[in-house]
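Participant: Next come the chains, spelled out residue by residue.
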Amino acid sequence: AQKVTQAQTEISVVEKEDVTLDCVYETRDTTYYLFWYKQPPSGELVFLIRRNSFDEQNEISGRYSWNFQKSTSSFNFTITASQVVDSAVYFCALSGFFGNEKLTFGTGTRLTIIP
Amino acid sequence: SAVISQKPSRDICQRGTSLTIQCQVDSQVTMMFWYRQQPGQSLTLIATANQGSEATYESGFVIDKFPISRPNLTFSTLTVSNMSPEDSSIYLCSVETTSRGTQYFGPGTRLLVL
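Line order of the protein sequences matches chains A and B.
First residue of the first sequence? That's 1 in my numbering, and the numbers climb one at a time after it.
First residue of the second sequence? That's 116 in my numbering, and the numbers climb one at a time after it.
Isolated chain A (complex conformation) (with noise of 0.2 Å):
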């Protein structure tokens, strides 16, 4: 069974700071994708980063970046110098590899920017 941990319920930080949100997951699969998905206030689930198992190069994306460590089975996410725009509830997501797979979710992190 597939199984992703987001430890960190809520995080608040101070406008301009860097946060990492952190991931763990369990699968079996030894091909598998793991994803990032950002939901603000409003409600849609908006899809930031898809990272396959057989990559771990770390990718940066403007303000944000993601730090894939297959032997520790963790797909932490940075937010350098965060805004309030980032506040949002953020999902770590986990699928098989081959398509046509469901997302197993993470509980979330509610991260919230003090301006």
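It is possible that part of the hints are untrue.
To be verified - These stretches of chain A come out as covered by chain B in the derived footprint (C-beta under 8 Å, 3 or more residues): (1) 37 to 45; (2) 89 to 98; (3) 104 to 114.
Stated by the list, open to error - Computed list of lysine to aspartate or glutamate pairs in DMTMM-like fashion (alpha-carbon distance at most 20 Å, straight line): (4) Lys70/A / Asp22/A; (5) Lys3/A / Glu173/B; (6) Lys3/A / Glu101/A; (7) Lys3/A / Asp29/A; (8) Lys70/A / Glu59/A; (9) Lys122/B / Glu44/A.
What the hints assert, rightly or not - Now the in silico label distances, taken between C-beta atoms and shown as ranges: (10) Asp141/B / Val85/A: 23 to 33 Å; (11) Ile60/A / Phe190/B: 33 to 43 Å; (12) Thr31/A / Ser196/B: 33 to 43 Å; (13) Ser61/A / Pro154/B: 25 to 35 Å; (14) Gly175/B / Thr5/A: 15 to 25 Å; (15) Pro40/A / Ile127/B: 17 to 27 Å; (16) Ser71/A / Leu229/B: 49 to 59 Å.
Think of the hints as simulated: they come from the structure by calculation, not from any bench.
What you are looking at is a predicted structure, and each value in this text was computed from that prediction instead of being measured.
Positions of the beta carbon are idealized from the N, C-alpha and C atoms, including for glycine.
On the provided structure of chain A, position chain B as indicated by the hints.
Facilitator: Below, chain B without anything else, positioned relative to chain A:
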């Protein structure tokens, strides 16, 4: 990514009634899914909507309670039947597009059952 719309965006319903939620995509997609997000909780997959055949339901969800239709490759409906307050949730459809393995979500339907 595809443009996904859902109707209604929100509704308040009386217990015992049923509500049908529509999901429309602006392009043909192979896979469509329905998720439920209970208040303050994570997302749980209800079922995979299969075009031309019966939906595939996850454990804990049954067709009588959540009938699903998928008449074509751009449209699906989820009905929440005989509602109770425990059905108060956000219901989201998602689609898997040409980016195989990545699901994109609709804006969700916020349902409150009194």
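Participant: Looking only at beta-carbon atoms, does the pair Ser71/A, Leu229/B fall within the given range of 49 to 59 Å?
Facilitator: 50 Å, holds
Participant: Assuming the hint says 15 to 25 Å, is it satisfied by the Cβ distance from Gly175/B to Thr5/A or not?
Facilitator: 21 Å, holds
Participant: Sort out whether Glu173/B lies within 20 Å of Lys3/A, counting only the CA atoms.
Facilitator: 16 Å, holds
Participant: Can you tell me if the region 37 to 45 of chain A counts as covered by chain B, using C-beta to C-beta distances under 8 Å and a minimum of three residues?
Facilitator: Coverage by chain B holds here, the residue count being 5 at a Cβ distance below 8 Å.
Participant: Three residues or more, CB to CB closer than 8 Å: is that satisfied between the region 89 to 98 of chain A and chain B?
Facilitator: holds (count 4)
Participant: Between the beta carbons of Ser61/A and Pro154/B, is the distance compatible with 25 to 35 Å?
Facilitator: 31 Å, holds
Participant: Within 33 to 43 Å or not, the Cβ separation of Thr31/A and Ser196/B?
Facilitator: Because 38 Å falls inside the window, the suggested range holds.
Participant: Holds or violated: Lys70/A with Glu59/A, Cα cutoff 20 Å?
Facilitator: Between Lys70/A and Glu59/A the Cα gap is close to 14 Å, so the pair holds against 20 Å.
Participant: Take a quick look at whether Lys3/A and Glu101/A sit within 20 Å of each other, Cα to Cα.
Facilitator: Judged against 20 Å, a Cα distance of about 14 Å means the pair holds.
Participant: Within a Cα-Cα threshold of 20 Å, do Lys3/A and Asp29/A meet the stated pairing?
Facilitator: The hint holds at about 12 Å.
Participant: Holds or violated: the region 104 to 114 of chain A covered by chain B, criterion of 3 or more residues with Cβ-Cβ distance under 8 Å?
Facilitator: With 4 residues closer than 8 Å to chain B, the region 104 to 114 of chain A meets the three-residue bar; holds.
Participant: Is Lys122/B close enough to Glu44/A, meaning Cα to Cα at most 20 Å?
Facilitator: Holds - the C-alpha atoms of Glu44/A and Lys122/B are around 13 Å apart, at most 20 Å.
In summary, the structure agrees with every hint in the numbered list given earlier.
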